[in-house]
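Q: One-letter residues, chain by chain:
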Amino acid sequence: MSAADERAPLPGADFEEAAAVSRLRRVSVRKVAGRLLLNAVLALVCAAWTLPTLGLLVTSFRDPDMVSRSGWWTAARDPKGLSLDNYRTVLAGQDWSYVDSSGKTVRLRGENMLGAFGNSLAVTVPSVLIPILVAAFAAYGFAWLKFPGRKMLFVGIVALLAVPLQIALIPILRDYQKAGLNGSFLGVWLAHTGFGLPLATYLFYNYISTLPRSILESAFIDGASHYTCFTRLILPLAMPALASFAIFQFLWVWNDLLVALVFLSGGGRAMEVLTQRLLALAGTRGQDWHLLTAGAFVSMLLPLAVFFGLQKHFVRGLLAGSVKG
Amino acid sequence: MNGNKAAKPGAPGRWIARAAPALAAPILALAALWAGFALIKEGWIAGGLAAAFAAVWGVAGAALLFFVANWSVERLGPKVRARALPFVFVGPAILVMAWYLAAPTARTLFLSFFDASSRGFAGLDNYAYVFTDRTMRIAFLNNLAWLVFGTGFSVLSGLVIAIMADRSRFERAAKSLVFLPMAISFVGAGVIWRFVYAYRPEGDAQVGLLNALVTAAGGSPVNWIVERPWNTLFLIVIFVWLQTGFAMVVLSAAIKGVPAELLEAARIDGASELRVVRSVLIPSILPSIVTVATTTLLLTLKVFDIVYAMTNGLYGTEVLASQQYKQMFKFLHYGRGSAIAIVILVAVTPMIWYNLRQFNKREAFS
Numbered sequence: 618m619s620a621a622d623e624r625a626p627l628p629g630a631d632f633e634e635a636a637a638v639s640r641l642r643r644v645s646v647r648k649v650a651g652r653l654l655l656n657a658v659l660a661l662v663c664a665a666w667t668l669p670t671l672g673l674l675v676t677s678f679r680d681p682d683m684v685s686r687s688g689w690w691t692a693a694r695d696p697k698g699l700s701l702d703n704y705r706t707v708l709a710g711q712d713w714s715y716v717d718s719s720g721k722t723v724r725l726r727g728e729n730m731l732g733a734f735g736n737s738l739a740v741t742v743p744s745v746l747i748p749i750l751v752a753a754f755a756a757y758g759f760a761w762l763k764f765p766g767r768k769m770l771f772v773g774i775v776a777l778l779a780v781p782l783q784i785a786l787i788p789i790l791r792d793y794q795k796a797g798l799n800g801s802f803l804g805v806w807l808a809h810t811g812f813g814l815p816l817a818t819y820l821f822y823n824y825i826s827t828l829p830r831s832i833l834e835s836a837f838i839d840g841a842s843h844y845t846c847f848t849r850l851i852l853p854l855a856m857p858a859l860a861s862f863a864i865f866q867f868l869w870v871w872n873d874l875l876v877a878l879v880f881l882s883g884g885g886r887a888m889e890v891l892t893q894r895l896l897a898l899a900g901t902r903g904q905d906w907h908l909l910t911a912g913a914f915v916s917m918l919l920p921l922a923v924f925f926g927l928q929k930h931f932v933r934g935l936l937a938g939s940v941k942g
Numbered sequence: 259m260n261g262n263k264a265a266k267p268g269a270p271g272r273w274i275a276r277a278a279p280a281l282a283a284p285i286l287a288l289a290a291l292w293a294g295f296a297l298i299k300e301g302w303i304a305g306g307l308a309a310a311f312a313a314v315w316g317v318a319g320a321a322l323l324f325f326v327a328n329w330s331v332e333r334l335g336p337k338v339r340a341r342a343l344p345f346v347f348v349g350p351a352i353l354v355m356a357w358y359l360a361a362p363t364a365r366t367l368f369l370s371f372f373d374a375s376s377r378g379f380a381g382l383d384n385y386a387y388v389f390t391d392r393t394m395r396i397a398f399l400n401n402l403a404w405l406v407f408g409t410g411f412s413v414l415s416g417l418v419i420a421i422m423a424d425r426s427r428f429e430r431a432a433k434s435l436v437f438l439p440m441a442i443s444f445v446g447a448g449v450i451w452r453f454v455y456a457y458r459p460e461g462d463a464q465v466g467l468l469n470a471l472v473t474a475a476g477g478s479p480v481n482w483i484v485e486r487p488w489n490t491l492f493l494i495v496i497f498v499w500l501q502t503g504f505a506m507v508v509l510s511a512a513i514k515g516v517p518a519e520l521l522e523a524a525r526i527d528g529a530s531e532l533r534v535v536r537s538v539l540i541p542s543i544l545p546s547i548v549t550v551a552t553t554t555l556l557l558t559l560k561v562f563d564i565v566y567a568m569t570n571g572l573y574g575t576e577v578l579a580s581q582q583y584k585q586m587f588k589f590l591h592y593g594r595g596s597a598i599a600i601v602i603l604v605a606v607t608p609m610i611w612y613n614l615r616q617f618n619k620r621e622a623f624s
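If you're matching them up, the sequences are chains A and B in order. In the numbering used here, each number is its position in the first sequence, counted from 1, plus 617. In the numbering used here, each number is its position in the second sequence, counted from 1, plus 258.
Treat each hint with caution, since some may be false.
Label pairs and their calculated CB-CB ranges [to be verified]:
id : chain 1 : residue 1 : chain 2 : residue 2 : range
1  : B       : Ala296    : A       : Ile838    : 44 to 50 Å
2  : B       : Gly477    : A       : Leu921    : 32 to 38 Å
3  : B       : Tyr612    : A       : Val638    : 51 to 57 Å
Hints were generated in silico from the structure; no laboratory data involved. Model, not experiment: these values are computed from the prediction. Even for Gly, the Cβ is constructed at its ideal location relative to N, Cα and C.
Make a model of the complete structure from these sequences and hints.
A: Here you go:
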C-alpha cells in the first residue's frame, strides 16, 4: 500500500469518514517525512563511507607542495595542480642523484611499484589456480570414488576450515629454511594453496556431490575413465563454484600481507609484493602523502576492477569464502 | 573397462614393460619440474619475464603432475587402478593440507614447550610469559576490544544499513558504496585512514580530514593514533569500515528472504515501523546475524595487518597476532611465538567444534 493510495479522496464521504481521512493523512505525512529522513541519513552514511577513499584518489593526483599545504577537499579550487606525476614517480621509481667521494654525480633509481605489481601477479595467479585444481580433483574423489578412510579424511578437512594460519607459520618457515624454499615463489604458492585448500575442497565437494549421478554413468558406459570424466564433464559443470572461490582467493592473496612477510622474507626487496612495498613506502616516506596515496591506489587497481566488473560474482565469492580460517 | 584383457595372468614380462614407464614417468615429471624451479631460483631468467615464467611453470606443473599420475595408474591394470586412483584424486590435497595445517598444529604445540631456538625444553615457561607479561596483557585486552567492538560495530552498522537500504530509493548504489572497501587490502585501508587521521601541530594547516573537522569546530588537533587507549578504537574503526560491507551484503540477502506478508501483517496490526523491525524482521534473520557475527569474530581474533601497518604495535596497540609476528621475527623466540599461536587456536576452537557439529547434523556425506 503506497502513500498515494491512502491520500485518494473518498467519494461521498460523511463526517466520520472525513475524520478518518484526515487521520490517515496525518499518518501518511509522517510516513513521507520518515522516508525522507531515512533516505537523507542513508545518503549521509554513504558519503561518510566514501570520503576516505575519495580523499586518497584526489590526493594521488595533486602536486606535492599543495598536498602538504592544504586539505584535499580544496583541490577543486586549483585544478591546474592536478596531474599524473605522482603515478609516474611511484611506478617508475624516483631518480636520486648525489655526489660521491670522488666528486662524480651518481644517479640512482629508487624503488618502484611496477616490479612489485609484477611480483603480486606472479604470486597471485598460481596461488589461485593451483588450489582450485588440487581441490577440484579432491572434491571429485570424495564425491564419486570409494576408498577406505573417506569419511574420516573429509571430517578432518571440515575441522581444518577454521584453523588459523598463524599455527603454521613457525613450522613451515623452518621447513622452508631447510629446503631452500624461503623467499621463492614456489614456497608462497604452496603456502597459499595449503591455507586455501580446506575451504576450496569443502565448497567444491558441496557443489560436485549435488550433480546428478546419471551424467557420470552415461559417460562410463561410453568407456570414459574417471580422469576424462572429471576434466571433460565435471570441471566445466562446476565452473560457477570454481569462479566464486577464485574471486575470493584472488582478493585474499592479492591483499595478503602476513604470508608474504613471512615466506618471501628470504627473497629480499626484489621479490616484494605490492602490500609489502606499500608498507615500506609508508615507513620510509610516511609524510610523502602524494606518493603514498598514488602507491595505495596502484595496489587497489586490480581488486577494484574486479569489484566493478564482476560485482555479482564478487558478492557470491565473498559469501562462499566467509568461513575461511 | 578396457584394461581387463591386458591384465590377464601369464604375461609378467608384458606387465613389467607396462609398469616400468608407469613408474618412470612421475619421476621424470618431478625432475623436470625441479629443474624449472632451480632455473628460476638461480636467476637464469631476468626480471619480469622470470615472474611470468614462474607463474606458468607453477600452474602447468601442478596440472602435469595430475596428468602423469593418472596416466601411470591407468597403465598398471584394473586391480591397482581401483586401489590407487582415488589417491591420485584426493592424495595431493590431503598431503598439502597435512603438511600445511594438520601437522603444524601438533608441531607448534610441541615447539611451544621449548625455548627460543627450540633446543632446550622449557616446560610451561612460554605460557607463563604469555599470561603474565605486561605487553601480552595489553595485547589480550586490545584483542578483547577488537573482538567486542570490531564484531559489534561491524554487525550493527551492517544490519542498520541493510535495513535502511532495503527501504530507500537508491538501494543498489548505497550497497555498492558501502561494500566497495571489501576490495581494499588492510594495508591499503591503513594508508587511506592514516591520511584521515593525519595530524599537524596546532596552527599548521590540517591535511587530515578528521583534524580539519575538529579545528573547524574550534577544537585543537588530536594525534589520533598515539592517544591511548582510544587509539585502538580508531584502528577498530578501520576494520569496521572494511567489514561492514560484508555484514550488510549477507544480512541484506537474509532480509530479502523474509516473507512480505509477515511484515505487512504486523503493520496492519498497527505496529510502528521500528516495532516491525525489532519484533518481526530481526528475529527472522537471527541465524544470518549469528553467522556474520562468528565470521567477523574469527577475523578480529587474527587481526594483524591493520595494527602492523598503522602503528606496528606501538603506543599500546599490540594484539595477539602482531605479538606473535614480533616474537618470531624480531625476538626470534620460536617458543613464545608458538605459545601465542596455540592461544589463538584455542580461542577459535568453539568455531571448529561448531563446524563439525553442523557437518554431522547435515549428514550430507553418505
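Q: Against each hint, give a clear statement of whether it holds in the structure.
A: Right, here's what the structure says about each hint:
Separated by about 46 Å at the C-beta atoms, Ala296 of chain B and Ile838 of chain A satisfy the suggested range of 44 to 50 Å. Taking 32 to 38 Å as the suggested C-beta distance range, the pair Gly477 of chain B and Leu921 of chain A conforms, at roughly 34 Å. For Tyr612 of chain B and Val638 of chain A, the Cβ-Cβ distance of about 55 Å falls inside the hinted range of 51 to 57 Å, so the restraint holds.
The structure fails none of the hints (numbered hints given earlier).
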